[in-house]
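Protein sequences, first through last, are from chains A and B. My numbering puts the first residue of the first sequence at 1, with every later residue one more than the last. My numbering puts the first residue of the second sequence at 1001, with every later residue one more than the last.
Some hints here could point you the wrong way.
Stated by the list, open to error - With a straight-line Cα cutoff of 30 Å, these simulated DSS-like cross-link-like pairs (lysine-lysine) come out:
#1 83/A with 1401/B
#2 1618/B with 83/A
#3 37/A with 1595/B
#4 37/A with 1532/B
#5 1106/B with 1087/B
#6 1494/B with 1106/B
#7 1618/B with 1532/B
#8 1484/B with 1494/B
#9 1681/B with 37/A
#10 37/A with 1618/B
#11 22/A with 1681/B
#12 1039/B with 1106/B
#13 1415/B with 83/A
Keep in mind that the hints were calculated from the coordinates and are not lab data. Nothing here was measured: the structure is a model prediction, and the numbers come from that model.
Below, each chain spelled out in residue letters.
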Amino acid sequence: MQEEQLVTFSLGSEEFGIDIMKVQEIIRIPPITRVPKAPDFVEGVINLRGNVIPVVNLRTRFGMPPEEETDLSRIIVLQIDNKVFGVRVDGVTEVMRLSQDSIEPPPPIALGLDANFIRGVGKIGDRLLILLKLDQLMNGELINGQTA
Amino acid sequence: MSQDKKNVEIELDDFLEFYLLDSQEQVERLGSGLLELEKNSDNISLINDLFRSAHSLKGASGTMGFTPIVELTHAAEDLLEKLRQGKMAVTNEIIDVLLAVTDRLKSMLAQVEQRVPITEEYSDLTAQMRTLSETGALAENKPQQLTSPTGNWPVKFSLSSSERELIEEALTVNKAVYQINVTLAPDALMKAVRAVMIMQRLEAYGTVVKIVPSVEELENNNDLQYVGILFITTEPLEDIRADILEISEILDVKVFNYDYPLTKSEKEDAVEAKPKTSIETKDEAEPNFSDSQKNDTRNNNEGKNKVHTIRVDTDRMDNLINLVGEMVITRTRLVKIGNDLKNTNQNVSLVNSLNDTNVYLGRLMGELQESVMRLRMVPIGTVFSRYPRLVRDFCRKSGKKIELVIKGEETELDKTVIEVIGDPMTHIIRNCVDHGIEEPEKRRAAGKNETGTITLNAYHEGNHIAIIVSDDGEGLDLEKIRNKAREKGLIGEKEELSPRDLANLIFLPGFSTADKVTDISGRGVGMDVVKKAITNLGGTIDVKTQRGEGTSFIIRLPLTLAIIQALLVELGEEIYAVPLSSVVETLLVKSNEIKTVGGLQMVQIRGNALPLLSLRQKFDLPEREEEVDEVYVVVVGVGDRTIGLIVDELQGQQEIVIKSLGDFLSGIPGIAGATILGDGKVTLILDIGSLIQDVVTA
């Protein structure tokens, strides 16, 4: 049976899962430099050992209200198609395995989230895990300024 | 299982990288060698070189299974073999077709690099080469036929290891190894004496490796008639041959290229560093500086460079540079801790020794940083090397005669600059060959040498590199430029400009004085693009011209793009970096002097109106809460456009390392990149060009 290994994290009361192979590392929140004129979901850029990488605030990206930084807040550094960026989450919960037959396609009205970001919904007992489609996170209306 | 497959793919990929690097180098070598051969068509060692490059390219491509490359190089190899054996003379057609082969090989390798199947057609070239090698008759003007030694020549060489070493070393430094077959008159007396005489004469030209049969054998057996000699030289064969023939009772002298069988391991040996001790040929002392000798010294240098360099992936190097940068930042934190400890009056001697160590560490870090930055420096010769071909092709097409002189090719500058400077330079050189240098008749009429000269020169000038492209052509027609500029309304009817300012008008968009449009240049897009490219690199370009005597383009570029001087400015909590190269001055302006005209803030500075841009507004920050009487204005300019940036505070200037914002955030208006400051925080670098554009077009 095919299994997936996931990193799970929380945003408010929701729990999300992302493919562990895409995760480069998980760090505490360093000073973030705002980038004016960047899309609003880009919180800014950080210094990751000498490299400047952008950080996406997932709350803003998913249209959730902003939340103060806590001790649990983390940035998950992702590497997708050789591009590195961070996503800011409220807290990283665990690393888990999930068999593929407990993953269902995304519901038509996708939990108030843009369906483009959702790959499926995983069920573990009575917990619901939203599996994210990561390549869409930075896509779409990525840089508004590009044409300007 | 899938993991295994992946591994295999990765390994193949690694090989492919090596193959590509090596093959591209061989193709480059073929290209430059061919151009050299065109000038020195009887340089056998050059042909040998070309043959070897083609051969190893064929071999490597065969291993990787790239059949089209194998077949194309094979055909080229056949043709080169004919040249090598002296069965054909080097002609322009041959050079043309072989150059076309190198171009085709480049496109094929590009396809390999893109990991797509090779679709480049090549049958036309192989056909052309076949026809050439079949029809190309025996070279007429070559008295000494460099065919292989005939099979029935009775003398065979068996080499000792020291003799092999001698030959290998000679081949590494591109000296030619010849087999000289001497036929003595059968009734000649004292054949050993003839042999000694031959050797004496040869020693004047080079090194005799071996003589078979040996002098002793000749002494003991007067029936021997055929003598074979292995000989290393750089001198013209014909002289040597004539010299030997002067000795009496010698029937015939034939000189062949000695086909030394290079096996794979030997080839690697040949590349390996070998202290140059054993060979000390006399020809170095001779006053005859023939062309081939000059070539030899150059190739010698190349050989030395190869031994002392290794190839490193640029990613790895960038990573190293990043890490060093991080260490520098970490050290500043250590310094801060040291200072904090000092203030708390902890164990004084311990704190002092910590601070001393920090100072020493700082010195080391500085040196480390400089050495690492130097790793990125590449000689500009890598850019210059593409132009001989460009000029040559143009000459063949247009009938002009141009010599390209290259100087200072060892001048080093940052790889990033090297990568982008090629195209603008190509454009300038095209202009020189097309518009600068006149047709041969015209030059003769003007009392100049028929052959025009274009000189490329590069040298260091403080923190900059100067690249000068000059021609001895007809120079710019300033009168024509003035008329054109008036016609286009670029200068007023009455406006008089200095010759230098007039010449520099050619850098304005849409300005071309060429009457005829050729495929080389003259489309009216051109010098402005060149200027823009150079300005983007933080450089400047200037033109000097003298009617009838020529034109020089002087390009000045920063040595590196990675580190710049910047002025740090504050906007509330945020800090931004302004490249110092675009800062004109900083001013303190009274708030009540700022007027708003048509939605644009302006201030009068020394009688001129200076448009202002509030960076707070631009970057969506709220206005300052406290009222201020005076504001800081950073006057920035690109070209002749200047604006003032309103900021809260000036923080001072420092060197910053430019970093990319990455693919996701590139193209944000007003931001050129980012840097990391001493406290580890990211700071954004302003894109002055786009900020000015905003204000001026607003």
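Status of each hint after checking the structure:
At roughly 51 Å between alpha-carbon atoms, residue 83/A and residue 1401/B are farther apart than 30 Å, so this suggested pair is violated. In summary, the hint linking residue 1618/B to residue 83/A is supported, as the alpha carbons are separated by about 29 Å, within the 30 Å threshold. Pair hint residue 37/A plus residue 1595/B holds up; C-alpha atoms about 27 Å apart against a cutoff of 30 Å. Proposed proximity of residue 37/A and residue 1532/B is supported: the alpha carbons are some 25 Å apart, at most 30 Å.
For the given pair, residue 1106/B sits about 28 Å from residue 1087/B by alpha-carbon distance, which is consistent with the 30 Å threshold. The suggested pairing of residue 1494/B with residue 1106/B is violated, with an alpha-carbon distance near 54 Å, which exceeds 30 Å. A distance of roughly 25 Å separates the Cα atoms of residue 1618/B and residue 1532/B; the hinted pair therefore holds under the 30 Å criterion. Distance restraint check for residue 1484/B and residue 1494/B: the Cα-Cα separation of roughly 14 Å lies within the 30 Å cut-off, and the hinted pair is therefore satisfied.
Proposed proximity of residue 1681/B and residue 37/A is supported: the alpha carbons are some 19 Å apart, at most 30 Å. Taking the CA atoms of residue 37/A and residue 1618/B, the gap is near 9 Å; set against the 30 Å cutoff, the hint holds. For the proposed pair residue 22/A and residue 1681/B, the alpha carbon gap of about 26 Å is at most 30 Å, so the pair holds. Of the pairs offered as hints, the one joining residue 1039/B and residue 1106/B holds, with about 23 Å between alpha carbons and a cut-off of 30 Å not exceeded.
Distance check on the hinted pair: residue 1415/B and residue 83/A sit about 23 Å apart at the alpha-carbon level, within 30 Å; holds.
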